Amino acid sequence: MMINTGENKEVNMSSVMVGKSNKKRLNLSPYLYIGPHLILFAVFFLFPTLYGVYISFTNWDLIGDPEFVGLANYTEILLNQDSTFYEQLRIGLGNTFKFVIFTVPFCIIVPLFLAAGLNTKPKGMKFFQALFYMPSLFSVSAVMIIFAMLFSVSFGPINHYLNVDTNWLSTQPYAWVTLVIVTVWWTIGANMIIYQAALNGISKDLYEAASIDGANNVQKFFKITLPSIRAQILYTVVITTIAQFNVYGQPLMLTKGGPTSSTTVLLMYIQENAFGSGISIAGIGAAMAVILGICIMVVSAIQFFFLRQRD
Amino acid sequence: MISLIFLLFMAFIWLVPLLYTFLTTFKNESDIQSNPFTILPINWVIGNYQDVLFENTSAPVAKWFMNSLIISVSQTVLVLVIVSFAGYGYSRMKFKGRDAIFIFLMATMMFPAVVNLIPLYKIIDTLGWVNSYFAAIVPGAAGVFNIFLVRQFMQGIPKDFDESARVDGASEFQIFTKLILPLIRPVLTVVALFTFTGSWNDFLWPSIVFNDIEKMPITPGLQLLQGMYALDIAHALTGALIAIVPTFILYLFTQKYFMESLSLSSGVKG
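Residue numbers (my numbering), protein chains in the order written: chain F, 1 to 311; chain H, 312 to 581.
A portion of the hints provided could be inaccurate.
Not the full set, but computed from the structure, chain F residues with beta-carbon under 10 Å of chain H [claimed, not checked]:
no., residue
1, G124
2, F147
3, S300
Away from chain F, derived, C-beta distances all over 10 Å, residues of chain H [what the hints assert, rightly or not]:
no., residue
4, T335
5, I353
6, W355
7, V384
8, A411
9, D436
10, L460
To be clear, the hints were calculated from the coordinates, so they are not data collected in a lab.
Computed from a predicted structure; not experimentally measured.
Built from N, CA and C at the ideal position, the CB exists for glycine as well.
Whole structure, please, built from the sequences with the hints as guidance.
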């Protein structure tokens, strides 16, 4: 039975009359809805993360029982200059940082320009959009095979058509150059789409008003466009940085970590120590992973602090 | 005008690797040896595809492809079910600690996943899942981002709909299945696409949990293929091309959703 209380709201009288209250019954069903995920989350994410930190304080070969050793792993890789693992951390973390520093700017600037270009709604826009985005859907191993062939010193078309004989994959600085080129080709699609959507949302009136005031295109770009999409730039900078810290497949398959370990990234050493051939050195691997994790979180926090909207 | 020139130039750069790959897969290896730099194949052959697909010992691409298909489809289905229920729970149901739990889950997205790898392997090992599809399917369903997407989308559906259904005597489950699920089809499509693609392209984790050549999916398998066909350019590229075909086709059919989803996730209404 419905009563019109005169406020454009109809009060449902039936639940009142029956005396049924929906609020106080002990209801298990919400837990049935969120439960399955929470169980998976606890078993396959939360617990491993906590256990991973614990392992970094142990000696463990993944088979027997972990043996607690306190800070020994950390002192070894951070302070013991004679240790191979110290070398690995130094080289691996250094290269990971280099990779991040070399690739992230391009992974922001290139898609930004592409998005700006697409924002002029040229002919064939959909084709361009699809073309630039699609590589991000390909697996890293497939893309690395393709580019290893493309940039091959002896039979790669790049050297042939540019008429050079650069050894792209096994000498520096070309190894880094190739890694950056490949990473940009492969990954900028997602950022481009995000910027496109953001640019779409900027009101045309702002640009018109600026034109009237005599602003040129460069000024409009820096004074209107960039500030308007500040949130998306922050988001993509943080996400892209985190993604590039996790680099693994590109140097593994393209430059094979070379020449002489100059492109061997930390994740490769972690994988080698924990899962490589021979006895697993999981404790050291875990300690390296924790350090990598801390670096990621610290860098993200710094980026967030500097780029956030202050209002 | 300048933009068009710029775009055309970039498009050329983006196309070159794809065209190079496609055309080379139809070239005869011996033709490549003698004339390495023709653009078009001298003789168009499909032998590379036959070799690569029917190779059965060191790089069984056909087997890898099937493994990937089973793993990716299964994970997609699993995630869709888990994420729909959980999203509904956090959006539509009232229970103690609901928002606190949800915020906690969101916060854990900040934790780098790299710390996980070693213990996760041990768990998989203990469960007896090494070299099994489960190892590649189940852990991925623990993710939190998709729940965020689904819940956000659900928040946009007016709660009045639920209320009127409740008044009519519908149970929670009926509201969930008959009312809400049909309405969240767009976000579920996005979740499905990204889960499938992410699963198909996963590299590090499958290479850790699969050491049996027969059981591994195609993405880590390509690393072995690269070793095997190190000097056989056409064969290597054929393997790579086969690996990217499914996500390429998926994209062609569902372009719209990929684009929309990125706007969704970055919080921009585009």
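Outcome of the hint check:
| no. | hint | verdict |
| --- | --- | --- |
| 1 | G124 | holds, 8 Å |
| 2 | F147 | holds, 7 Å |
| 3 | S300 | holds, 7 Å |
| 4 | T335 | violated, 8 Å |
| 5 | I353 | holds, 15 Å |
| 6 | W355 | holds, 18 Å |
| 7 | V384 | holds, 16 Å |
| 8 | A411 | holds, 12 Å |
| 9 | D436 | violated, 8 Å |
| 10 | L460 | holds, 13 Å |
In this structure, the earlier hints numbered 4, 9 are contradicted, and the remaining ones agree with it.
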